[in-house]
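Undergrad: The chain contents come next:
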Amino acid sequence: MGNNAEIIVIGGGIIGCAISYYLAKRGADVICLEGSDHFGNGGSSRNGGGVRQSGRDPRELPLVMYGIRNLWPFLSEELDVDCEYHQDGNLRLGKTKKHEEILTGLTERAVKAGLDVKMIDGDEVRRINPYLSEEVTCASWCPTDGHANPLTTTLGFYKAARKMGVHFLSGEKVIEMRKVKGVLRKVICASGNIYEGETIVLAAGYESRAIAGTVGIDIPMQPAMLEALVTEAEPPMFDQMLGTAEADFYGHQTKHGSFVFGGSSGLEGFTKDNGTPVCYAKTAPCICRGIMKYFPDLAEAKIVRTWAGWMDRCVDGVPVLGKVEEVPGLILACGFTGHGFGIAPGAADQLAELITTGSTQVDLSALRYDRFRAKI
Amino acid sequence: MNAVNDRSRDIGPFIPGTDDDILICRCEEITKGEIRKAVHDGMWTMTEIRRYLRTGMGLCQGQTCAKLVKAIVAKELGISPAELEPATSRVPMRPIEMRIFANELADKKEDGQDGK
Amino acid sequence: MAERIKEHPILGIPEKGTLVKFTFDGKEMEGFEGEPIAAALKAAGVMVHRYTKKEHKPRGIFCAIGRCTDCVMIVNGVPNVRTCITPLKEGIVVQTQYGVSAEPFKQ
Amino acid sequence: MKRYDLIIVGAGPSGLCAAIEAAKRGLNTVVFDENEKPGGQLFKQIHKFFGSKEHRAKVRGFVIGRQLLDEADRAGVKVVLNATVIGLYQDKEIVVKIGDGIEHYKGDAIIIATGAAENMVTFPGWTLPGVIGAGAAQTMMNLHGVLPGKKVLMLGSGNVGLVVSFQLMQCGCEVTALVDAAPRVGGYGVHAAKIARTGVPFYLSHTIVRAEGEECVTGVVIAEIDSHFQFIPGTEKHFDVDTICLAVGLSPMSQLLKMAGCKMEDNPKRGGQVPVCDEYGRTSLPGVFVAGDVSGIEEASSAMIEGKMAGIAAAEYLGYIEEEELKKELVSLEDALNGLRQGMFAPENRGKRIETTEEGIAVSENLLEHGFITEEEIERFPGITHKAGIHPVMECTQNIPCNPCQDACPKGCISIGDKITSLPVVVDGSQCINCGMCVASCSGQAIFLVEEDCGDGTALVTLPYEFLPLPEDGTKGKGLGRNGEPVCDAQVVSVKNNLAYDKTPLLTIKVPKEYAMKARFFKAL
Numbered sequence: 001m002g003n004n005a006e007i008i009v010i011g012g013g014i015i016g017c018a019i020s021y022y023l024a025k026r027g028a029d030v031i032c033l034e035g036s037d038h039f040g041n042g043g044s045s046r047n048g049g050g051v052r053q054s055g056r057d058p059r060e061l062p063l064v065m066y067g068i069r070n071l072w073p074f075l076s077e078e079l080d081v082d083c084e085y086h087q088d089g090n091l092r093l094g095k096t097k098k099h100e101e102i103l104t105g106l107t108e109r110a111v112k113a114g115l116d117v118k119m120i121d122g123d124e125v126r127r128i129n130p131y132l133s134e135e136v137t138c139a140s141w142c143p144t145d146g147h148a149n150p151l152t153t154t155l156g157f158y159k160a161a162r163k164m165g166v167h168f169l170s171g172e173k174v175i176e177m178r179k180v181k182g183v184l185r186k187v188i189c190a191s192g193n194i195y196e197g198e199t200i201v202l203a204a205g206y207e208s209r210a211i212a213g214t215v216g217i218d219i220p221m222q223p224a225m226l227e228a229l230v231t232e233a234e235p236p237m238f239d240q241m242l243g244t245a246e247a248d249f250y251g252h253q254t255k256h257g258s259f260v261f262g263g264s265s266g267l268e269g270f271t272k273d274n275g276t277p278v279c280y281a282k283t284a285p286c287i288c289r290g291i292m293k294y295f296p297d298l299a300e301a302k303i304v305r306t307w308a309g310w311m312d313r314c315v316d317g318v319p320v321l322g323k324v325e326e327v328p329g330l331i332l333a334c335g336f337t338g339h340g341f342g343i344a345p346g347a348a349d350q351l352a353e354l355i356t357t358g359s360t361q362v363d364l365s366a367l368r369y370d371r372f373r374a375k376i
Numbered sequence: 001m002n003a004v005n006d007r008s009r010d011i012g013p014f015i016p017g018t019d020d021d022i023l024i025c026r027c028e029e030i031t032k033g034e035i036r037k038a039v040h041d042g043m044w045t046m047t048e049i050r051r052y053l054r055t056g057m058g059l060c061q062g063q064t065c066a067k068l069v070k071a072i073v074a075k076e077l078g079i080s081p082a083e084l085e086p087a088t089s090r091v092p093m094r095p096i097e098m099r100i101f102a103n104e105l106a107d108k109k110e111d112g113q114d115g116k
Numbered sequence: 001m002a003e004r005i006k007e008h009p010i011l012g013i014p015e016k017g018t019l020v021k022f023t024f025d026g027k028e029m030e031g032f033e034g035e036p037i038a039a040a041l042k043a044a045g046v047m048v049h050r051y052t053k054k055e056h057k058p059r060g061i062f063c064a065i066g067r068c069t070d071c072v073m074i075v076n077g078v079p080n081v082r083t084c085i086t087p088l089k090e091g092i093v094v095q096t097q098y099g100v101s102a103e104p105f106k107q
Numbered sequence: 001m002k003r004y005d006l007i008i009v010g011a012g013p014s015g016l017c018a019a020i021e022a023a024k025r026g027l028n029t030v031v032f033d034e035n036e037k038p039g040g041q042l043f044k045q046i047h048k049f050f051g052s053k054e055h056r057a058k059v060r061g062f063v064i065g066r067q068l069l070d071e072a073d074r075a076g077v078k079v080v081l082n083a084t085v086i087g088l089y090q091d092k093e094i095v096v097k098i099g100d101g102i103e104h105y106k107g108d109a110i111i112i113a114t115g116a117a118e119n120m121v122t123f124p125g126w127t128l129p130g131v132i133g134a135g136a137a138q139t140m141m142n143l144h145g146v147l148p149g150k151k152v153l154m155l156g157s158g159n160v161g162l163v164v165s166f167q168l169m170q171c172g173c174e175v176t177a178l179v180d181a182a183p184r185v186g187g188y189g190v191h192a193a194k195i196a197r198t199g200v201p202f203y204l205s206h207t208i209v210r211a212e213g214e215e216c217v218t219g220v221v222i223a224e225i226d227s228h229f230q231f232i233p234g235t236e237k238h239f240d241v242d243t244i245c246l247a248v249g250l251s252p253m254s255q256l257l258k259m260a261g262c263k264m265e266d267n268p269k270r271g272g273q274v275p276v277c278d279e280y281g282r283t284s285l286p287g288v289f290v291a292g293d294v295s296g297i298e299e300a301s302s303a304m305i306e307g308k309m310a311g312i313a314a315a316e317y318l319g320y321i322e323e324e325e326l327k328k329e330l331v332s333l334e335d336a337l338n339g340l341r342q343g344m345f346a347p348e349n350r351g352k353r354i355e356t357t358e359e360g361i362a363v364s365e366n367l368l369e370h371g372f373i374t375e376e377e378i379e380r381f382p383g384i385t386h387k388a389g390i391h392p393v394m395e396c397t398q399n400i401p402c403n404p405c406q407d408a409c410p411k412g413c414i415s416i417g418d419k420i421t422s423l424p425v426v427v428d429g430s431q432c433i434n435c436g437m438c439v440a441s442c443s444g445q446a447i448f449l450v451e452e453d454c455g456d457g458t459a460l461v462t463l464p465y466e467f468l469p470l471p472e473d474g475t476k477g478k479g480l481g482r483n484g485e486p487v488c489d490a491q492v493v494s495v496k497n498n499l500a501y502d503k504t505p506l507l508t509i510k511v512p513k514e515y516a517m518k519a520r521f522f523k524a525l
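Protein chains in written order, with the numbering used here: chain A, 1 to 376; chain B, 1 to 116; chain C, 1 to 107; chain D, 1 to 525.
The shape of chain A in the complex, shown without the other chains:
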């Protein structure tokens, strides 16, 4: 196989794999390059698995709603992989007056954008999920939210796209993009290999910043470490996706029976990266304390694994998607800011449509690269 294709996708996470899939489905010829040794290796395999609309910025809400309506319910069948998608609602929990204010604000904005979400009180929360502690006083409740398995979903996109002829290469770390006669064309890897395409999709998480920099594009984003943990399998308890007003933890019970929870220590963004996937020693205990305040019954559940991943935190908290006027041929798909999993199928599908037809069903204009402005 050659090094040329119509489209080169940089990044083999869920965004890159899903874009490759939806492009191949539309008949395009695609090469997908992954810098690490494994597909689905970034945030794609290190998140809480939320497929939710509630709690999101109104600018990205249409895209995720599009995905939940049109793509997620059929994904397992389409990819021939059990994505373990559950649409059993999302409780975003609050315990204090401040939490209630945050949740109410989010809810009002989402309702305006057309989402079916409402505020409920503590008793109603416990009617939906009887395992929650008395400390919980309120929640936002979105019945059409849910969760899925990020690992099988990401690798499912990879598997299905590979089957459709997408040429996947791992261990191809992109160090530079280069224009030819004013149009973006070449992708240069650390290995010395050069790939060429008419369209280049940049979906490399926070590493996209450095790669985009080689054609003079700077996306205001930073890496931040997110951590998650998983328990042993427990008897089935509940099916909702859970979160909290201040994101001290989020997660769900999987089909396997284990609970996957993500969370934070409050020190994110300032933890140290020594080039290894080492967790921060204070985070998992903090997540555990957070969970136990909401779910006292889980105190005896054993943690079997913890892990960390880097998210691409964009300055305004929503991704950067679509064409860049200054660099013809470049499509950006990064800056998902730690909530890129649930939105991935919708975003990937619409970007594939943009690349192959020039237009999209969902308006992506609020997520364009040229939105960044100084404050005064």
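You may find that some hints are simply not true.
[Claimed, not checked] Here are the simulated DSSO-like cross-link-like pairs (lysine-lysine), alpha carbons at most 30 Å apart as the crow flies:
hint: 1; chain 1: C; residue 1: Lys53; chain 2: A; residue 2: Lys255
hint: 2; chain 1: A; residue 1: Lys293; chain 2: D; residue 2: Lys2
hint: 3; chain 1: B; residue 1: Lys67; chain 2: A; residue 2: Lys97
hint: 4; chain 1: A; residue 1: Lys272; chain 2: D; residue 2: Lys2
hint: 5; chain 1: B; residue 1: Lys37; chain 2: A; residue 2: Lys163
hint: 6; chain 1: D; residue 1: Lys518; chain 2: D; residue 2: Lys503
hint: 7; chain 1: D; residue 1: Lys237; chain 2: D; residue 2: Lys523
hint: 8; chain 1: C; residue 1: Lys6; chain 2: D; residue 2: Lys476
hint: 9; chain 1: A; residue 1: Lys97; chain 2: A; residue 2: Lys118
hint: 10; chain 1: C; residue 1: Lys53; chain 2: B; residue 2: Lys32
hint: 11; chain 1: B; residue 1: Lys37; chain 2: B; residue 2: Lys75
hint: 12; chain 1: C; residue 1: Lys21; chain 2: D; residue 2: Lys151
hint: 13; chain 1: D; residue 1: Lys419; chain 2: D; residue 2: Lys327
[As the list claims (entries may be wrong)] Sample of chain B residues lacking proximity to chain D, with all beta carbon distances greater than 12 Å (derived):
hint: 14; residue: Asp10
hint: 15; residue: Gly12
hint: 16; residue: Leu77
hint: 17; residue: Glu104
[Claimed, not checked] Reference excerpt, derived from the structure (chain A facing chain D, CB under 8 Å, subset only):
hint: 18; residue: Gly257
hint: 19; residue: Val278
hint: 20; residue: Ala281
Simulated from the structure, these hints should not be mistaken for laboratory data.
Yeah, the Cβ is synthetic: ideal placement off N, Cα and C, and Gly gets one too.
Once you've looked at the hints, dock chains B, C and D against the given chain A.
TA: Frame of chain A; chains B, C and D shown alone:
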């Protein structure tokens, strides 16, 4: 570094084996056949196999099956097991109750006995 | 099946602590305080510690040092307890584990 | 955060030795171990160790364990048990589960001495209760005093498989067969020979077809395999057993190092995934050292030396000793380590087929293929001599690093020489006084005292007998050949069990004189 990066390389078709129903991952009850099929679905690294099938993600965290899985994947890819990097090890080394993990002793009170 | 070693040519007569009572699936049994639950069960001839979640297959002691987690059972109501490294205490309630529960599988 | 000069993970032979050396040099040292008892696998090792005096040869493993604990105590090492190190984080931080909580500790230096985990093989039925690891068998019988089973099939003829088979018989189990897929015995020939002569059949080039049973093991089928590891039809053999014991090698338990980002390599010679480290255990993470099986599978004897090296290297890293002293100390330890890494079983010879001994004698093929030396083969080895009167017969036919026999004889009858792996020879003109010290001191139980002709048509054979019940004087029975087959009538004429024999009782049996060089075990009627 992977021995095989080009995921379009031809590794031949999946041929069912007589021992495909032998359990390999005892915790998650994953068979040899499932592992071999996953390789043909494109899962070519130990990490991908683990994420795709849950091998080595059970209670024992791969203590028992890691080497077995590696040998099967390597054989299917036609490479030496030494060329496959094991999946990353993760904290905790042994399962630990949430209540215990949450309980950071030193933060409460120094007993004056340990350390300097 | 198995039993205790009464006298060993090198180690002599095993030093054991106090004999205590416990229950296994409701049956009263005896073992020595502080020895692993798995050792007491083995000495009493119990081979099956649990049945697996997916295939419902029996499992018992495999590594005996707390690594393989095959010997897990429900101890005092808590599932997934590694019986090979959990000390026996007077009065504990040990149950066969079915999947992650103490309820036998429905046929 | 709590901090120590040196944190050691694992209180096995290497961890304890590292701790002792470091503490002696002034380092504030702590050892964490997840187990209830320290000593790692040492307390399950009830056989006498090989090597020379500096390696604590002819001392039983569990006794070495006690000695190390005493030394650690005297050196001021703090050993914390039931303390599971659950993670190694950045900046040499470890998190330990102790009781109902976790503790964070920082070490200015860290030594990882977590040892090894057992490898496994698969076959239909391998998940049935009754299929156990060899380590599990040792744990049950030697630590907890519980029989692992009654009738046991052992898979694996490496030293672990051989040693554990012997231990199973010692505690009263029947070892039905010893099976290995390899065409030759992997462990020391002396270990094989002491099992074979009790009557355990060896099936080399065989492996398990399936374990039988619904709820637990009730039987096993083995079959012969060809050079491509394929079963040969028609060679199936069935055994009624209740236990199948797997002893198919060990892998370094190096996960803590990997999770901390230490540079790793897959090295089949070291047993799998190991940290990249220098000969003193320094890894790619400054201040993080390794020692023992975690950096490459070897014997406990070498683990102890590696532990010492890492402990001293850590002392130098933290400025408690000068580089000069480090170099000086390491020279003698390297010599001790090299002593153990010699001979036919040296790491460099792994996987090689060796046809002659260092002395140029053809090795016993039968020993490798069936576990015992034939009568024809035995005569060519230098430990076998014939003369009037009592004399030692040393059926030691492989170059292994071990020499206690030459020190054991008060009369200087036995010589190995300067090279620790040389085969023992009987010194010309020396006079045996029938004290039995050589028989009891041989870790391989390969020395016999023989009086080939008592003048009345009988001969006397003195053999080591570490089993119960110990026959009494006058007990009649059969003399068994090296293959475990009864060869002649025999009667016990003396049973000696001196303190100096360290629990290796000596039986002297009277046999017809034609069987002086044939009878090597005794079975009461």
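Undergrad: Out of the numbered hints, which ones does the structure contradict?
TA: Result: hints 3, 17, 18 break, sorted rising.
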